[in-house]
Structure formats: structure tokens, C-alpha cells
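*Asks:* What follows is the residue order along each chain.
There are 2 protein chains.
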Amino acid sequence: MYREQLKVLDCTIRDGGLINNHDFDIKFVREVYRAVSQSGVDYIELGYKNSKKLFSEKEYGPWKFCDDDVINQVVDGIESDAKVSVMVDIGRVDIADVKLAKDSPIDMVRVASYVKDIDKAIAMANDFHKKGYETTINIMAISRDQGLELTQALHQIEKECEAKAIYIVDSFGSLYQESTEDLVKQFKDILKTKEVGFHGHNNQQLAFGNTIEAIIHGANFLDATVYGIGRAAGNCPLELLVGFLKNPKFDIRPILELISKEFIPLRDKIEWGYIIPYAIAGMLNEHPKLAMALRKSEHKENYREFYESLTSTETE
Amino acid sequence: MYREQLKVLDCTIRDGGLINNHDFDIKFVREVYRAVSQSGVDYIELGYKNSKKLFSEKEYGPWKFCDDDVINQVVDGIESDAKVSVMVDIGRVDIADVKLAKDSPIDMVRVASYVKDIDKAIAMANDFHKKGYETTINIMAISRDQGLELTQALHQIEKECEAKAIYIVDSFGSLYQESTEDLVKQFKDILKTKEVGFHGHNNQQLAFGNTIEAIIHGANFLDATVYGIGRAAGNCPLELLVGFLKNPKFDIRPILELISKEFIPLRDKIEWGYIIPYAIAGMLNEHPKLAMALRKSEHKENYREFYESLTSTETE
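These protein sequence lines are chains A and B, in that order.
With our numbering, the residue at position 220 of the first sequence is 221, and numbering never jumps.
With our numbering, the residue at position 56 of the second sequence is 57, and numbering never jumps.
Everything labelled a hint here was simulated from the structure, so no lab data went into it.
A hint or two may mislead.
One copy or any two copies: either way a pair holds, since identical chains are not told apart in the list.
No farther apart than 30 Å at their CA atoms in a straight line, the calculated lysine-lysine pairs in the DSS-like style are these [said to hold, decoys possible]: (1) K53 <-> K262; (2) K297 <-> K100; (3) K59 <-> K160; (4) K247 <-> K103; (5) K301 <-> K193; (6) K247 <-> K290; (7) K270 <-> K132; (8) K297 <-> K270; (9) K160 <-> K297; (10) K165 <-> K301; (11) K250 <-> K301; (12) K262 <-> K160; (13) K131 <-> K270; (14) K262 <-> K297; (15) K59 <-> K247; (16) K290 <-> K103; (17) K250 <-> K53; (18) K53 <-> K193; (19) K100 <-> K186; (20) K131 <-> K193; (21) K301 <-> K247.
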């Protein structure tokens, strides 16, 4: 698959940071930044931009805050054509503290939002746009929030928002190819002036397959992470996506080397990937939080009971 | 997805046996047979029917031969509506030694064949059919063997063969959704009197996604294994397939319990699943044998060099 407009965004450090309180050391982050840059990926997302009034630096590592000077330490001396991205959550960032894009190493700000918060997301994206950043809105938990409310949100975005891409985020790892196709078509139908993005979760081993499906139906912004790292089941593996895309600008080899050197040892320390409780949460269209709690308990391998607990009673 | 004609075939012991010389102990095989039967799966494949003149019982476990009395030990006293299947390779079985189906615990014989051997496969399938067995032909390595030769083979099968289903076998884990769709449509177009089957390999985490794709386009015989066990990257995970299919006859819970009790400990002893050299073989449309050799060497994590060795020289 080759399409000039396709953009790959690596969110290894940002989504991977959800497993370890954003506490990767700077050497590791530089290794990721270097290898992913060499592989020809378009954007590299390093973390969240959160207010230090809301979160403690004692509790969270630097990628929870993404200060400009920390990002400068990452990129310093490394040749790269990739743009730097950060993510923001609604209500957790002091926009006044954020410099103009021209004075910052950050190129893009992605606003994560539920459908119900779309007014706030549009306002935030537009504020960052005014400061000179590229922006996206990433609509989370979309397997739950479909129907009229979503359609109205998309129309409002198309009318009012300056974001360049709007993402379908399969937070629960619950979409199949047909539901992915349906959503991409719906987004493209309404968002005439914007690109459509796709961010999969790998609960049911469908993150890569659904990303391919999204590409086939016209999504041009694609998220992936090295070796699929990310919260719970993780994400679409970057090495598979780069292996699939035929654009000659991509080179899988630096990613393969990075996995050997850094991610095989890391996987022994922190857990992500195809793990049955996350698969169960995905097939039941549930947030992974109960599965994550199970994995920290002494019942971590009691899959049948976990399934029965989710299906026999109301969970919310 | 609910379609009356859909049949699920569990090949846990057969394909899993390719990792350990078919040497599962009888207690383990009975646990698999019991749980998979309880889950409502239609066929359970226990191994290969090979001639003992060609393979030594000292070197291989009982599931390389699938003697009737061994299969009787598996099924004895376990309530089951599932039919028992075995696989045969061309030139490796003495058909004269095989009893009539009415005198055997085996219900189905599946003939594994490359396109080039399709004459022999048809003859074998017809011989087993005459003995009263249900039969299929499983066309291996199909990502390599497409084009006119495949089309002619399918026409010959439709004309001459009594097999009830013909399988697309993605031996190299190399198919994507579009290639899966194309093959299923081609098979259905020619094989008017037969069912189409799909057997995926999980090199690129697409075995489940491609199985869904095959279902969407009309394949009705679907292979899967518990926790995706199988040679190299393994197969479509049965728990995901059963979670996806909406036929009320299926029950995922016995499979979940089986994974907790038997497959989590087993995975610590033998290796299968998403492992980068198998992913590389899949994306390059190569047999996994070189990747399997790498995994047994001291360079097992040298992914970049492995990739370069496959792409810089001819490998066959």
C-alpha cells in the first residue's frame, strides 16, 4: 500500500508511558527517537502535556509533562525529519503556560476527547492552532459512543475546528474490520476538509488488521508503537505497519534493531500485549481497567471467573 | 456473525504437535478434547496419520500416527458432539492400513497438499471418501502458489474430488485482508459444490483478522487453536474466534479455563506466537524454517541481521 498522504505517528513513549507512569529514562527515549526517525516515520509522540499543578513530578516521570527543555534533550544532536507530537487531555493543561509553536520543539498537539466533551476539545484544538501548532482531535472510546451524538460531534468539528486530522480511537480494542470500515466511511463522509486517523488497541489481535482496514477506506493518519507497546494489550506494532506500507521512505531495519536491544529486555520488566483478560474486555466492549486490576491481583490467571464476573452482572 | 453453516475446527493438538514432535501426554490431550468439546466446536483434530515405516515411534509422539486405539483413549468417557479429524501428508500414509470409517473413532481426514501435488491429493481424498470418511483438501503455501496453476487445480478439484471442503492455508502468515478476500472469492467462484475453508498463521498478527475476512466473504470451515498454539507464530486463537461468532452453541468459558490451567504453564516450556523473526518471514512471504532455525541459535534476537540476510540474497 503506497499513498503519498499517509502519515505514520509513532506513540511508543506516549502510550507506553501509561504502563510505567511515564518514567522512561532519557537514554531510552533518545534511542527510540533515533531509531524511529531513521525508519522514516512522520511524527513521534513523546508524552502528555499536563499541568504540574494537577500531577506531582514525584509520582510521574517527565513524559507526563513534556517540558520543552526535556524534549530538547531528546532531540539534541539526532538527525530527524520527524515532527514531535504531544497529547493533551481536556482540563489537564494550562494553555497559558504553553509557548508559541515557533519557540517550542513541539510541532503537533493532539487533543484526546470523549464525544461528550467535543465542545471543549474543539476549543482546545483551536487554541493550540492559534499558537501555531498542528492539531488533531482523537475521539476515544468510539466503540461505545456511536450514533447521533457522534454524527453531531463530527459535523460540529467540520464546521468549527481547525484540527488537521480527526482520529478514531478504539480505546477498548473492540472494533472488527466491518465496524472500522463503517466508522472510517462515516468520518470521511462528514469531515470533508480534514484527514481521518486511526488508533487501534490490540486486545483481540486486531490493531494491525483494523489499521489496514482503515487505510483501505481512506484513513491517512496512522498510529503505531514499537513492538506494540502500550497500556494493557498495547497498540498496532510499528514494525508490522512499516513492513506493510510500500512507501520507499520507510525503513524497517532501525526498528528491528531497537526491538532487539531495548524492547525484548523491557518486556521482561513491564507487561503489555495479548493477555486473555484484555482480550475478554475487548470482546465485551469494556474499558480495560478491570482487566488491569485483575493482572495486579493474585487471581491474574483466573480467566473464566473474570469473564463470568463481567457477563453475569452489570459492571457500571 | 451467525451463519448456520459455519464450522469451527480446533487443530490445537495437530498444529501444536509440530512444536514438540507430537509428544503431548494423554492427560493433556484429554483436557483439550474435553474443554473444546464443551465449547461447542464442530471438529477436533488430534494429529497426523503417518506410516510407522517412514517415522520412528522413538522420535515422535503418538499424535504423529494417531492410531485408533490412542484416539479411543482420548475420547473415552468424555461427552462430545465434536467429530474427530486427522491430517495426512501426501506419500506419508499407508491407506491400506486405515480401517473403514465405521470401524474407526476418526470422522474426518484432511489432505494437506501443495498446488503442484493436487492430482495426488484428489486421489487420496477420494480414497478416504470411499472408506466413509469426511474429507477436505488443505492447499498449503497459497501465498506463493497463485495464478493459473491454482485456478486449474481448483477446477480439477471441483470436477474430480469428493472432498466436502477445500482450505486456503496461509502457511507463511503472509496474507492481508485484501489477498484473503481475493482468494476466498476465487475459490467460491470455482468450487460450486464445496465449502471453502481458511487456516491462518499468525506471523503478522493477522490470523484472526484474515479469518474474519474469510468468513465475511463466505468461507464456512474455520481453523483455530487454543491460545493460538502452533508451529512458529501459531494460528488463529480459538478463544477470539468463539468470542466473535454469535452462534449460541459456542461457549468460550471452557476454553478460558483450559488456557489458565494448561496453556499458560505450557507457554513457559515451548515457544510460539508473535516473535519478530516469524513476523519478518511473513512479511517477506517466506517459509518460517529459517526463522525457526534462528530461534534455536545463539543469535535468536538478532532481528536486523536476520532481515538483511533474507532481503540481501536469494534464499532458495
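*Asks:* Looking at the structure, which of the earlier hints fail to hold?
*Replies:* Hints 1, 2, 3, 4, 5, 7, 9, 10, 12, 13, 15, 16, 17, 18, 19 not satisfied by this model.
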